[in-house]
Amino acid sequence: MISLIKALCPFPTVWKDDGFFDGYLISQPRACKKCKAKDCWAYVSPPYQEDISHYICPKDYSLILCRWKEGELLCNGLLVHELNKKCTGIIRKQRQDQKISISDIKKWYEKMKMVGPLLEKKAETIVQESLLGLHDIKTAVGLVTRNAEAIIAAQSGTTDDDKIENAPPPLKSLLKSVKLLLSRLSMSSIVTNPDSVSHGRKRNTHIYKLFDRMVRLFLELAAQKNITIRMTGNSYSKFMCYDSFESIPLVLIDNAVKYSLQGSKVLVKVNDDDKKTVVSVSSYGPVVPEKMRDNIFKKGFRTPGASYQASSGSGLGLYIADMVAKAHGFEIHYKCMDIDETKGMGTNIFCFEINI
Amino acid sequence: MGLFRKKRIANLLPLPLEELRKRTRILVIDDDESSFPFELLKKEGYSIDYWPKVENLSKLEEGFFDIIILDIQGVAQNYSREDGLGILEHIKQRNPSQVVVAFSGQSFDLSKNRFWKMADDSLSKPVDVTKCKRLIDDIIVNKITLSHYWSLVTDILTKEGVSAKQIASIEDKVTRALERKDREAVSEIMKSALDKADVGVRIAAIVIKISALFGS
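Chains A and B supply the protein sequences, listed in that same order. Residue numbers for the first sequence follow my numbering, beginning at 407 and rising by one. Residue numbers for the second sequence follow my numbering, beginning at 788 and rising by one.
In silico lysine-lysine, DSS-like type, Cα no more than 30 Å apart, as pairs:
1. K918(B) <-> K732(A)
2. K904(B) <-> K732(A)
3. K904(B) <-> K527(A)
4. K920(B) <-> K582(A)
5. K930(B) <-> K585(A)
6. K918(B) <-> K682(A)
7. K705(A) <-> K671(A)
8. K946(B) <-> K978(B)
9. K578(A) <-> K829(B)
10. K682(A) <-> K930(B)
11. K830(B) <-> K615(A)
12. K527(A) <-> K704(A)
One-sided excerpt, in silico: chain B residues whose CB lies under 8 Å from chain A:
13. D819
14. S821
15. S894
16. N900
17. D908
18. P913
19. T917
With beta-carbon atoms standing in for the labels, derived distance ranges:
20. Q534(A) <-> E971(B): 49 to 59 Å
21. H612(A) <-> S834(B): 20 to 30 Å
22. P839(B) <-> I557(A): 23 to 33 Å
These are computed hints drawn from the structure, not numbers from a lab. Remember, predicted model here, so these are calculated numbers, not experimental data. C-beta atoms are modelled at their ideal positions from N, C-alpha and C, and glycine is treated no differently.
Work out the full structure, taking the sequences as your base and the hints as a guide.
As structure tokens, this is what we get:
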């Protein structure tokens, strides 16, 4: 959003990490281009009283900080004639090209304030339109599920588990694929409707069994990459959780398989420790660079290593898992160890603790 | 002393889950029949009816079904502009104790959040048989119980100013009738205990459920 405002700004602007930009009406003055300090942001300090705040740099240029809920923008190299009384005499005359009124800024600021909600509305419409297609896909998957279940039901055995066990391997694979598809589809809603994390009732869920079930769904996919998944732990604990909780093992195991090196191992541990259940999923692959670690749970974030290792990711998995975890009162943590600095590889561990 | 101790509904032996599955009347309202695993669940002993659209509103209001699994779209356009959401709202107004499960593929739609929040539970399409069984059994174990239904009756009676002593006496009589598997007696006890017609209507739906599930 702020990048769009930057592009639509008639005044020169300065960016914290990205240097000076000309406005489409007023360009950067020569003095600013030549300025060695280029430290405009140093003269802007909180607390900000207004949405638009005026400051003056040591070279007597006006700096105007504009703040929206989406972010902030600093206009530089201007002469706001009503507020900048430091710039006087001949210099003031020389700066006619940079001269503006505070009302010009205010008018532009108000226009830009309207852009955010309009864009949000447009983006929401586009998302909803594409999701209508998802509804049709869900209907089709429902039909596939009914048929797969009917075939499994016709197998010999008294319980569901017996029937699946007695089914020929291709049928077992089909059922696993369908279940994986169902889990992925139910996760997709969370992106557009975060409230769906807490839809329904919390149910007492066996954490170890939930992870174990998910591991089984991924065994084949992992085998294709020559990756083995091992499940260990002593946990018998149950935890009250929403159906959305299933997204956590889905994302963590999916990521571990997706971003592991060929031939490596994924280890899933679920252990009871006093009044806690401790869960960890570890795998060997590209580690997240330290400066990027704060961003790994942000929507759409992918590390360069992740993009190289698996081009198909969307950067939504950990964002969803984090949201689901927070809705259940805990946080997922990331750490890495045994790092090979030259290759950027190491053991990636995602872990969390649940009070039981 | 034991002879004079008041009987408590909570002390009645619960029916086994298999029996409760048979006795719990489930209704699925959905314009797409393939979205729910009817056949497999029926084979497992669940008692399930299917309506492609809302066919009889009064049956939904009166508590004829123990669990209503309700789709949001294409099921009640003749009854409400808000379709399934309107029906859910109506049922919850008329009979708050009715268990309704929101069943839809539109969990991504922010505008439908009211539907999910108002319902007692939710099933997001597409579903598999395991998930359905888990949800229905969970409701049976937690909500289709004598204690749960009696707590609803107690709430209504307390709000109407019936004293704790009187409620205990009614509970004692109802429990004895349930032990005798005498459905009619349960209804008679409740009728004689209440002189307010509107309260009677609200309680009747719950008492019918108690009688149907445990009275025979």
